[in-house]
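The chain contents come next:
Protein chains: 2
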Amino acid sequence: MNQVRVIEVKQSVFADNDKRAAALRGELKERGVFLLNLMSAPGSGKTTTLRRTAELLKDEIKIGVMEADIDSDVDARAMAAAGVRSIQLHTGGMCHLDADMTRQGLDELLAEGGVELAILENVGNLVCPAEFDTGAVKNAAILSVPEGDDKPLKYPLMFQVCDVVLINKTDVAPYFDFDLDKCREHIKMRNPSAVVIPICAKTGEGVDAWADWLREQIAAWRN
Amino acid sequence: MNQVRVIEVKQSVFADNDKRAAALRGELKERGVFLLNLMSAPGSGKTTTLRRTAELLKDEIKIGVMEADIDSDVDARAMAAAGVRSIQLHTGGMCHLDADMTRQGLDELLAEGGVELAILENVGNLVCPAEFDTGAVKNAAILSVPEGDDKPLKYPLMFQVCDVVLINKTDVAPYFDFDLDKCREHIKMRNPSAVVIPICAKTGEGVDAWADWLREQIAAWRN
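So the sequence lines, in the order shown, correspond to chains A and B. Residue numbers for the first sequence follow my numbering, beginning at 676 and rising by one. Residue numbers for the second sequence follow my numbering, beginning at 676 and rising by one.
There's no promise every hint is true.
All copies of an identical chain are treated as equivalent in the list; a pair is satisfied when it fits inside any one copy or across any two copies.
To be verified - Within a straight-line C-alpha distance of at most 30 Å, the following computed BS3-like cross-link-like pairs (lysine-lysine) qualify:
id, residue 1, residue 2
1, LYS694, LYS863
2, LYS704, LYS857
3, LYS863, LYS737
4, LYS694, LYS877
5, LYS857, LYS877
6, LYS863, LYS685
7, LYS857, LYS737
8, LYS877, LYS863
9, LYS733, LYS857
10, LYS704, LYS685
11, LYS737, LYS685
Bear in mind the hints are in silico, worked out from the structure with no lab data behind them.
Kindly produce the complete structure, drawing on both the sequences and the hints.
And the structure:
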C-alpha cells in the first residue's frame, strides 16, 4: 500500500475569498504553475479521468495532484500508484475548498518544486465548490452519464462557472436514458461559452481531446 | 406539461436547528404525519425510487412529496405525472434543507390535509444535508452503483446519520467495478445499525423490501 501525505486544511477565516483567489492566481503565474480546479458530484470519475490525463501529459509537463476529501486517502493512493505526485487534503468536514485552503495544499505540493500543472480534485459536490474561487486558472466539471442529462437544470452555478464540462462514462450510455444533445443544450443554457467534451475515462476514449484542450489553455496562459 | 406548485424556501436565521427540528418532529407526531428525509448525491435515483415507492404504498397510505432543488421543477413534475401529491421547493442556492425550510415546505404540502407519509427529497449532495436535522423521523440515503463502493469512506457523516441505505441501479452492476459486500462493510464501519437494501428503481427489483421497511417504521412510530 502506498504511503501518501495527508494534509488537514483548515477553513479560511477570511471573508474576502475573491481577493485571496486573485492574489494566489497572480503568484502562481509568476511561479509558472497552471492550477486547474476539477469539480463534480461524488463518483463521476474525477480520479480515473486524472489518471488518464496524466498518462497522456506526464512526459511533456510535470503534474501534481491535490485530492480533496472529507475523509480517506483512496484517491491520493490511486494517483500515487499511477506514478503521479499527489497529496491528500482533508477538509475537516467542509464541503468545498476556498482559496486559502487551496493555498495550504499548494504549499505542500509545490514544496519540492518542479510542478507545472497543479490539479485540485475538489470535494465531490455539485453545489458548494462552485461558490468559491480557488485561485485556479480554469474550472472543469465532470458530469457522468448515469447522473442524467438534467443536472445543469438543477445545479445552475456549477455549469455557469465551468470553462469545460467533460461528459464521462459514455461507454454505459446504452444502459441509461441519457440524451447527449439535450445535455449540451442544458449546459449551453447555463453557460454558452462552456466547452463540452464527451469522454470515457475507463477506456480512454475522448481523453485525447480533453488533453488537447488542456495543452491549449496552458500554452495560452503562458503567453 | 403538469403545473406544479413551486415554493421558495428561505434559509433559517435560527442557530438552534436541533431544537426546531425536535419541535417539528413533535408536532408532526401529533398530526399523525411521518416525515422521511431522503438524501443522496445528484443523479442517484431519488425521484425514480420515490415513484416506485408510491406505486407500492399509495393505496394504503396517503403520500405527499417535497422535491428540493436549487432550480428547475423536473422532479415535482415527474412525481405529479405519477399521480403523487408533490410540491417543488427552491432553496435559493442553498445546498441543504434545515428544519425551518422543511417546515415552510410542510406548511404548503399539508395545507389541504390528508397526508400521512411526507417525504422530503433533499438537495442532491452527499455532504451538507447530513449536517442538518430536518425534523424527519427517519433518514434514508441512496448510493447508486455507478458512484462506487468507496463513498462511505469519503462522506462519513451521511452514512452515520442514515437509518437505511438503498444501493440503487443494481441492474448496471455488471458494467461497473462495484463490490456490494465491500460497500456493506464500508457502510457498517460508519454506522453498524444502518439497514442496507439493494434495489433497482428502474425495474422495481428490491423496492418491495424497502416498502416493507418503511411500513414497519411507520407502524412502530404510530404505536
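query = Which of the stated hints cannot be reconciled with the structure, identified by number in ascending sequence?
reply = Hint check: 2, 3, 4, 7 and 9 fail, others pass.
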